[in-house]
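K.L.:
The lines below spell out each chain.
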Amino acid sequence: MAGRRAAVKAIDWIAFAERVPPNQKAQFTALKARSDAIYSKYLSTPEKPAAINFAFYKSRLANPALVDEFEQKFNAVKIPEPVDTYTAGLEEAQKKAQADVKSFVAESNARIKGYEEQAAVYKSLPPTELMTYDDVFAAFPEMKPDKEKYPIWPHRPIE
Amino acid sequence: MLSRLAARSAAVAAQHHGARVCVVAPSRLFHCSGQHGRPIEPLPEEGGKVRMGVFPEEWFQFFYKKTGVTGPYVFGTGLIATLLSKEYLVVNNEFIAGGIFVSFVVYCIRRFGPDVATYADKLRQERLDFIDNKKGRFINDCETAIETEKKEQWRAEGVDYLFDAKKANVAMQLETAYRERLHEVSNAVKRRLDYQLDVETTQRRMAQEHMADWVVNNVVKSITPQQEKEALAKCIEDLKRMAKAS
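In the order they appear, the protein sequences are chains A and B.
Residue numbers for the first sequence follow the working numbering, so the first one is 1 and each next one is one higher.
Residue numbers for the second sequence follow the working numbering, so the first one is 160 and each next one is one higher.
All clues stand as given, with none of them false.
Sample of chain A residues at the chain B side, in silico, Cβ under 7 Å:
| no. | residue |
| --- | --- |
| 1 | 16 |
| 2 | 19 |
| 3 | 41 |
| 4 | 49 |
| 5 | 74 |
| 6 | 86 |
| 7 | 111 |
| 8 | 112 |
| 9 | 128 |
If you are wondering where the hints come from, they were derived from the structure by calculation, not from laboratory data.
The beta carbon of each residue, even a glycine, is placed where N, CA and C say it ideally should be.
With the sequences and hints as input, model every part of the structure.
P.N.:
And the structure:
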């Protein structure tokens, strides 16, 4: 009965662990522990219970009709399958997360472009020996001396 | 010296732009001009070439075309002779003092010049290194940031792993719950059957015990005192015989 179910998809935990950002390691470890617990429980539960030896009981019990009744009713019983109410929500969350990832990647690419432009600006500077102070101050504004705050002698404009 | 530098700079500019070489030093500062976008020429590290310590090579080149090799020497000697002869250059105590002063200056330059030059070079190199480091650090920062961004993208794209794991967990839990139900039903049936079996076994055992008790009791009740006495006597006789035999 249970064999017709699709085999549970195996998760590549090593590849997964590589992709987890360092600040989410704790959550990942918790998820891994819970998943392992679930998996070990899944493994330790045999697919089918041990078959009941009705013939044995029939031979031993004084009333075989009773055993027959048990057997009939046991074979007739239909066990309801647990209803899956979570996968739909997960699918939805996954779609949302994928959209988030897509927008993050777009933003990240924009940032990368900005960084590349910045790096290109620095890389395209002439060799430092050939730069004048004006060039240097244009490239690195923080190096420009603040003459307003630290005026040099004579500390006021020369008429 | 400045004029020589200007002349050379103008020559370079002419090479680049085909401008007319001006004999007069151009009235611009070499590296601060907004003249054009051509790359700045590096400042010369060494002074120009000189002969006899002071006379620029260009002067000799200038004379060479007109007078040949000896021309400038003849001109110099003649110039000095003229100056002395006409007493433009008067050799008196001041001339001697001037000569001593010049030789002192030359001595000082020779003696301390290299050290000063080294120190100045060091200062310049420090500034250059500072700027180079800054530049390198900025570029490095940018590259690190790009790398980090790419890694984060790669990590973010691993979100499917999480949902795969969650889905697998849900599926496994459902499967486990279903199996547990199967087990529960089966166990319940088995327990009831076992109970029936146990009940019957116990009843049979108790009936057997009861019958055995009943039989034994009746046998014991049927033994009379006479029979008991005979049995005792027989036992004692047996003991005596066994003692004799040993």
